[in-house]
Amino acid sequence: MDTLLNLTIFLPILGLLGVLVVRNENLVKWISLVVTTATFIISLPLMLNFNSASSETAQFVFESGSWLPGLDVKYIVGLDGLSLLLFMLTTFIGPIVVISAWHSVEKHVTGFYAMLLILETASLGVFASLDLFMFYIFFELSLIPMYFLIGIWGGKGRIEATLKFFIYTLVGSLIMLVALIYLGYDAGNVVNGGVFTTDWRLLSSSAYMIDLGVQTYLFFAFALAFCIKVPLFPFHTWLPYAHTEAPTAGSVVLAAIMLKMGTYGLLRVLLPIFPNATYEFAPYFGVLAVIGIIYGALVAMVQKDVKKLVAYSSVSHLGFVVLGVFALNTVAIQGAILQMVNHGLSTGALFLIVGMIYDRRHTRMISDFGGISSVMPVFAVMFMIATMASIGLPGLNGFVGEFLILNGSFQSEALNSSWFTIISTSGVILAAVYMLWMFRRVMFGSVVHEANKSLVDLNAREIGLLVPLMLAMFWIGFYPSAFTKYSEKQVNVLLQESIIKKEKTVQVFSAQSTDWVKNVYELSENLEVSEK
Amino acid sequence: MDLDLTASLIIATPLAGFLLNGLAGLFFPSYRKLKTVIGSIATLAVAIPFLLVVNVFLQTTPDAGAQVVRLFTWIQAGDFTSEFAYRFDQLSLIMGMVVTGVGSLIHIYSMGYMKDDEGYYKFFAYLNLFIFMMMNLVMGNNLLLLFLGWEGVGVSSYLLIGFWYQDQEKAAAGMKAFVYNRVGDFAFLIAMFMTFQTIGSLDFDVIINNLDKIPGDYKFWIAFLMFVGATGKSAQLPLFVWLPDAMAGPTPVSALIHAATMVTSGIYLIARMSFLYVFVPEVMIIVAVVGAVTAIVAASIAITQQDIKKVLAYSTVSQLGYMFLALGSGGFIAAIFHVVTHAFFKACLFLGSGSVIHAMHHVEHELHHHGKHAHFDPQDMRFMGGLRKYMPSTYITFLVATIAIAGIPPLAGFFSKDEILAFVFNASNVVEGASALYIALWGIGIVTALMTAFYMFRLTFTTFHGEFKLPKKVKGAEDSEKYLHESPITMTLPLWVLGILSLVGGFMGIPDFIVHHGNWLHHWLEGVTAHFEFNLSHSMEWILLSVSVVIAVTGVSIAYFMYFKGDPDTSDAAVAKRFGSFYQVWSEKYRLDEFYEGYIANPVVRFSDKVLAVFDMKVVDGFVNLVAGIVRLSGSLLRYVQTGLTSSYAFMLVLGVVLVIGIIVFS
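Sequence lines, in order, name chains W and X. Here the first sequence stands for residues 187 to 718, numbered as in our numbering. Here the second sequence stands for residues 3 to 669, numbered as in our numbering.
No lab work stands behind these hints: they were computed from the structure. It is possible that part of the hints are untrue.
What the hints assert, rightly or not - Quick list of in silico lysine-lysine cross-link-like pairs, BS3-like style, CA-CA up to 25 Å: (1) Lys-312(X) / Lys-579(X); (2) Lys-620(X) / Lys-490(W); (3) Lys-639(W) / Lys-35(X).
Extracted from the complex, chain W is given alone in its bound form (with noise of 0.2 Å):
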């Protein structure tokens, strides 16, 4: 099976090399299908054949030896409760992804495609790396192909977008490089005999545990490298640029599954490896989380361009999710995953939506819009099912998600006030009316522009693109339970594990502490304790 996995994750590349061979541009596309829709196939058996008994620990492994002399970072690849959703979200993007291109995209077909095609092999890599560094290697590799798609393929203030969206997360992930860096030799000398190691394994275990002060400055560096990914406010700002410039694929891309790459590297990184950070700092995460659930929805609200308003959308949704995160509770975490995968395909949807009417009509505006339903009934429909997922209603993805982080954050310990739900809750009142209010102006009243009473509905390959989002929408709706089982072992013994490592940590290193970590982590009673 870990051949399977190696294969799932490489085929893209692989295809890659078909798709630069071929001259024709019809034959691109068709490559391109066939092995996004193959990857995706080969993916399957992994998410059939995956043990949820024993999710805590990662399955279809492959290790490596060491490729850098000296140090020992090795090629780790694997699949745990943390990371099959997404790994399977991921590949089952792909195909859809290729098929929303195929009109759309005219200039330099071959480019284009190659870009998905990396795009997708990056992002697998991502979430099956169990090796930091390289999950550090892939999730800068995806930054390159996202650079040129947007660059290339993008609107007219393309550029700027671009290098803003490059720039913003490059910093970020250099301040993580640095850290991981330090991490690796800290870590070496402590639990791999002196040799340098980024295995997460090794760094997630209880006996890795880094000493108060320097888990808060390594703490720092890597949260603001995936806050700024996922975006967090205030790091969002790339992100509204980004997507008005992206062309419709490389958008669904990016809210799918390149901004979960921030939220999973807050559950596979923070938590397991600096959990004292983590819990300390967890209500200020969760302050930030609240506002740009509030401040998302309020600017989404007023925004005139419907494809600014889905961007502005995922500010607010993103914030359920790393509330969830950092409720630090089960419940919560589990509607963190799950929200994660939910956000990717309602999201998604809507972009793809907005793409297809861009294609007929080049225009986003909503007041360009208006009485779109009687023209186009199907797309109609559709547009109403995304709609109403994203506004979260029972049945559909999205409630189960923010239902969960909502209600295991109202529990939470760590957020320690009941005040950070309460305040979210509020969320879904602004959701209904900036969803609604938009699709009210788009889709409702009678046609006023002339150019929209020629609008043709929904052709087939549209459709079909849009129907399997579709459905997996309405059966994590209705049955959620079918892909919460993967994540509920790990993400139960993570929580324990996490409290555990946070207290021997405080034991071992309270002593030696400076006086600011003292204050930040409130050891002087334990210091009283050990005085006496």
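Starting from the structure of chain W, add chain X where the hints point.
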């Protein structure tokens, strides 16, 4: 039949109807023309669950325990679990029969009413979706499944209010309903979080059996927040403003969703949680006060309305207020009793008004067809009058339902309303320290009853008696009475059934002091709801009953002299003059909409647009740009180290990284 299968079919049949008609209609335009097929499928999809619920009902005894059918696990994470599980008990059976029974009748009616609409298939698909969601709401075995139905009926309502979405105003009404409901749902969600936090489950049985685990202040907040949720769905102050606008939807929708079933969900919720509510008298008082105030406020607005559906809409808000007054007075069963009788007579009234509107539309259509450009509002009762001659079935059934809502014995509304008022009066003896308050609430209830009898007969007399006023009032509509006709049988049949139910429906709850063990409904629901101790003497009950009758007759009489004998227009003017600025306030609907728009909605939008969106671009993003600018500036100062060779940049980058690491590692 096996109960598992029964439950599955009850839930799945309307869903199947929705999917079948919806998908076939969407993708096969030729299917849309098969209106009889579409209508029959949709009607069957409600009638089958009705028969199944009745079948279970017939096998259930008043003292039988609840039977729960667990289909599958819905949400499972950590220690939270919620199932798709359905509950058969005395309360859910009553609600289930009302929903599917009245629902079936309204489906039949719609086959006639919507006959010429191009969105016919869509209409029936939405109606079936509504029934599916409503059945989840009333049959669900836990709060979360109830909430699925709760929000699901909200979406059906949204879709059906904005059914004629080409009219932006109607679409806006749909959105308004959804958003106001969401305000309530926000509170409902918090109530669920608090319930789960203290009890660890959202199953009704677990909650009811573990109420002692909830600390006192939590009891207050859970009960209060659930009630806030109910004020959204059941259109109570301060959130009722969406319901009158919801009349933008087709009339069968107003009858089914915005009168008979969905809007009573809030009452059902509180009755379902009644064992919690009796522990928190503070919340009970709030519920009773909000209900009573809503009842009288809405009734006062109803007096001033000219649109036949708007009168009924405000009447619905008022009657729902009555039900909350009952709940807040410990008369949970009385409230459910009124839910049931109200479903009969208000559905009958709405369908009757639909029949009238249908006829008026026809008149307009015929006039236009004959080249006369007469423009008038077919829902404005000032253009009606004398319709009883042309529409006898509509008239008789409408009249029966009006007598029922007015509270004239022995029709349906009399018994339920009398039981409510008795419970309010009783509460003054039971709730400590609030006896004066409950007496006052009883007074409000009595005054509201008077107003109800008055405005309902005003409506009936103006619409059906006197002479047909359209020809005189509208240019080009001369002789238009010849175009008036009775509605087809698909529409009149449901009217007759509902009319008969309005006539006899009250007999399920004849007070015990009149007929020994006469209050069947009370004994049926006794086991599943809590109630305050009832300690009024028989003579007191007789007095209260007499007062109710006198009040109702008084209201009818005033209406009779003003609107039957007198001319409606002059009488309206007389009422307006008599009440002066009060009338002004009533007819302006207390300016609640203006308040919400001017002081909440607009400021929030303006703040988001002018402050937040600008802040986002100038300050948050500006700071990012500033940092970038500083970097660029220092870059230009260091220009002389720039060689222009990529490799040297890469070298510098690596050097920098190594330097930083070096500092950290060796310091």
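Hint check results:
| no. | hint | verdict |
| --- | --- | --- |
| 1 | Lys-312(X) / Lys-579(X) | 22 Å, holds |
| 2 | Lys-620(X) / Lys-490(W) | 18 Å, holds |
| 3 | Lys-639(W) / Lys-35(X) | 24 Å, holds |
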